[in-house]
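Just so you know, the sequences run in chain order A and B. Following numbering that gives the first Met the number 0, the numbering of the first sequence begins with 0 at its first residue and continues without gaps. Following numbering that gives the first Met the number 0, the numbering of the second sequence begins with 0 at its first residue and continues without gaps.
Heads up, a few of these hints could be off.
Which copy is meant is left open, because identical chains are indistinguishable; a pair holds if it fits in one copy or across any two.
Only pairs whose alpha carbons sit at most 27 Å apart, straight line, appear in this in silico DSS-like list of lysine-lysine [stated by the list, open to error]:
id, residue 1, residue 2
1, K141, K70
2, K141, K313
3, K417, K492
4, K163, K417
5, K240, K271
6, K240, K269
Simulated from the structure, these hints should not be mistaken for laboratory data.
2 protein chains.
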Amino acid sequence: MKAGVRIVDRAAATCILTLCFGCLHVIALKQQLLSRRGGSSHSTEVPISYETLYFDQKIDHFGFLEDGTFKQRYLVADKHWQQPGGPILFYTGNEGDITWFCNNTGFMWEIAEELGAMLVFAEHRYYGESLPFGQDSYSDNKHLNYLTSEQALADFAVLIQNLKSTLPGAQRSPAIAVGGSYGGMLAAWFRMKYPNIVVGALAASAPIWQFPGMVPCGDFYNIVTQDFASSGYNCDANIRKSWKAINNVSSAESGLQWLSEEFSLCVPLKNKNDAFGFKNWLQETWVNLAMVDYPYEANFLQPLPRWPIQVVCKHLAFDATVSDYQLLHGVSQAAKVYYNYTGSSSCLNTSQTATGSLGLLGWFYQACTEMVMPMCTDGIQDMFEPEDWNFQAFSDECHAMFGVRPRADWAGTVYGAKDIASHSNIIFSNGGLDPWSSGGVTSNITDSLVSIMIPDGAHHLDLRYSNVHDTPSVRAARALEVMYFREWIKQAKGTPQTASTP
Amino acid sequence: MKAGVRIVDRAAATCILTLCFGCLHVIALKQQLLSRRGGSSHSTEVPISYETLYFDQKIDHFGFLEDGTFKQRYLVADKHWQQPGGPILFYTGNEGDITWFCNNTGFMWEIAEELGAMLVFAEHRYYGESLPFGQDSYSDNKHLNYLTSEQALADFAVLIQNLKSTLPGAQRSPAIAVGGSYGGMLAAWFRMKYPNIVVGALAASAPIWQFPGMVPCGDFYNIVTQDFASSGYNCDANIRKSWKAINNVSSAESGLQWLSEEFSLCVPLKNKNDAFGFKNWLQETWVNLAMVDYPYEANFLQPLPRWPIQVVCKHLAFDATVSDYQLLHGVSQAAKVYYNYTGSSSCLNTSQTATGSLGLLGWFYQACTEMVMPMCTDGIQDMFEPEDWNFQAFSDECHAMFGVRPRADWAGTVYGAKDIASHSNIIFSNGGLDPWSSGGVTSNITDSLVSIMIPDGAHHLDLRYSNVHDTPSVRAARALEVMYFREWIKQAKGTPQTASTP
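For reference, chain A alone in the conformation it holds in the complex:
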């Protein structure tokens, strides 16, 4: 378990399909993408400046045998905070280094002043610097046992309670949870489970229904496919065709060599297994592109041009008569848009989506326990090779990897599945281009459980810095989000809190 995770068989491939969500962020983290903003064309210059603090958090909130604590990292920016009572915008950190999320959530930085808000970014346990057992945190399943969303939510709750009771002027500050992706799921769940702690939540691109039995397993890849279909002539058709072309070409040793050279692979493909991994890597590349198909030059996962899928698809606009080699040359050019837009990569590393890292392992573990997200492809509705969702194979893989088995129904039971109408004050924002919208809440549930759709938006675009190239839909979304924030803050201020007895 300490070694890197290498995917070598079909069962494991099933696993990979479910894990892209986490891989994405972690890979991005690992790549140390230092630029904090989308290109140079953002319209405002809101400086990021925060204090880094650490809170002694209980390792186990749900048992009393383990009474130890760890240092949870959190970032605080109170420059614009109007105390006493100014709101707290609280980022519910997801599966990675919190500074990266902090730097990629320009929306919070841009609205802090107008709301007179304090910003807090709380790191999720087991990621970044917030390691419950230091370097031993990932050493075995015993140490990993406290890596759950419930523990993370409890961390957030206890931290906010502590801030309110120790920061002068914060006692009556309404807190609002904000998060994107898994962090958005946490934001929504935080409001559901701890409405005493946060008055509302913005759950951006949060696939809270991407769990067994809630949405069709094929929706995710259908959206990826649609993104490519609408971005260039025959783009999806040629990607669908490319898998067979790879199979054909890679069946001969000379073909493997050709592929390796054509794609400038750092490690040449040697055999069939490598070719299989190569296809997985490409598949994930297309998924990642669908997630970051932003309307401006950006550097979220990789430095990319504006509307990167359109750029990618220019290399894939072949007619039906294209040869395997022509097609794969186009695919390699397309892949290099993603991996080498700046021209600084000397070679492409196909093992990166499966490389072990603390963060990556963490999300693998979460996917292998609570975060069971079925995905499947059929090659017809989508442009990928057919692959069923196989829970048993996935479970066996998890057991082999971590000595734990996923509980398919738990997330639905604990977080309400489709029966969440009794909750309130949650915004679910989703981008129409974002494959994760497949598991998102994309229509209003009640007056205060609202959906905001950004039809031409990718993965949590609304949380990013505003940009001159932003489309009207994302501008409108952000304005609506701030309007709801104001309403919640007003509600909270209007509610006389029951006095407590010291």
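With the hints as your guide, set chain B onto chain A.
Chain B only, in chain A's frame:
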């Protein structure tokens, strides 16, 4: 830790003060009070008949290392259930044998037919037969680690989900949580945390605010005192006076002997420590009487006459000039109303409130972890010897006893403390005579978080069988409760459930 719990010093006495809630039920359980109803004068004859079933429940819902299961006992009565879709009244079992709660919750049996409801009584883990590690469940703090309210609520959620998915006709059955005392707290918290599982909750005599910082620590004993003050001439004053009388008399060996004989003690008092324990035992006796001051002959904790405190107070109606010996003779007669109403006890056992038993230990452990309920007395507002709330002493005692330390703020953080207004569909019923109403919700919070007061009611009187001697207030309470149940059921039926995708 395996041995019985004996309280021998002041610090431990503090502990006892916080634990009566649980002791009460457990002692009652231990005494095997077999009669299931309040005397012979109940007005209806609704037979109790159920099936006993066992469900394989995960030992740990919040971690994946411990993947074992245990058999959770639950009782099902579906005689009146109108399937498909008839409601499920679900008793959220508290700290004892579920059959005892089942037999003492006549209200559910009486309304099953009119609501077409299935009754389910679920046993709380670590009590009765539902022992996660069998006979080892209490062997050390490692085995006790899964005894928390959160785990119990998760048990209930998973069980209901299972019933709905496996019982033909139950899929769309709205479930309503019902519980009394700690079980009432669980019912309320269950609705708060799992509104997807239960459409509403009746939390009878549930002191959800009896936690640090929420209510004054003296309120509980003030109510006990008021019950005695209003039940007979000088009754509270003479009990207040009795402690000094015991101190005076027990200062001599002959006095100890006299007390032992006068109170027909099974084990004679030998020293000052025994006298201290004797006073604790008396104090708990008065508390218990306050809890079961029912308007009819009943056998809940002990066989007792109707309005037992009035009967007790007849023995305590002395003027100020009463001598210590006269007064203590009266106290002994009063105590025997509680301990020997039927005349069948040959002697009185003062160690019973501190005797170790599985159930008693379980609640002690819960009080030593999550269920931190501060109590104090001042001898002025109340009729007891002054005793401050001393958290540190309590924590030290817990550490010595179980190797764990209580977390004073956790219950408030996780269950919302006074900030619960965003929840819905919970009835908080409280009896004005019940000392536990000190920590209860005794006024409406919102239109759907309602308080029902039963001014002349004791501890969860409304959950008991109806009785010809029932006062109008408890009759009205039950009628109102059923009205809310009907409303919640109607709401649930009116809400089209979002279809899930298999």
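Hint check results:
1. For the homomeric pair K141 and K70, the shortest alpha-carbon distances inside one copy (19 Å) and between copies (24 Å) are both at most 27 Å.
2. Taking the shortest Cα distances, K141 and K313 never come within 27 Å of each other, neither inside one copy (50 Å) nor across copies (62 Å).
3. With identical chains, the CA atoms of K417 and K492 are at most 27 Å apart between copies only, with a shortest distance of 16 Å across copies and 31 Å within one.
4. Taking the shortest alpha-carbon separations for K163 and K417, only the inter-copy value of 15 Å comes in at or below 27 Å, while the best intra-copy value is 33 Å.
5. Proximity of K240 and K271 under a CA criterion of 27 Å is satisfied intra-copy only: 18 Å inside one chain copy versus 91 Å between copies.
6. Only within a single protomer do K240 and K269 lie at most 27 Å apart by alpha-carbon distance; the minimum there is 22 Å, versus 93 Å between protomers.
Checked against the numbered hints above, the structure violates only hint 2.
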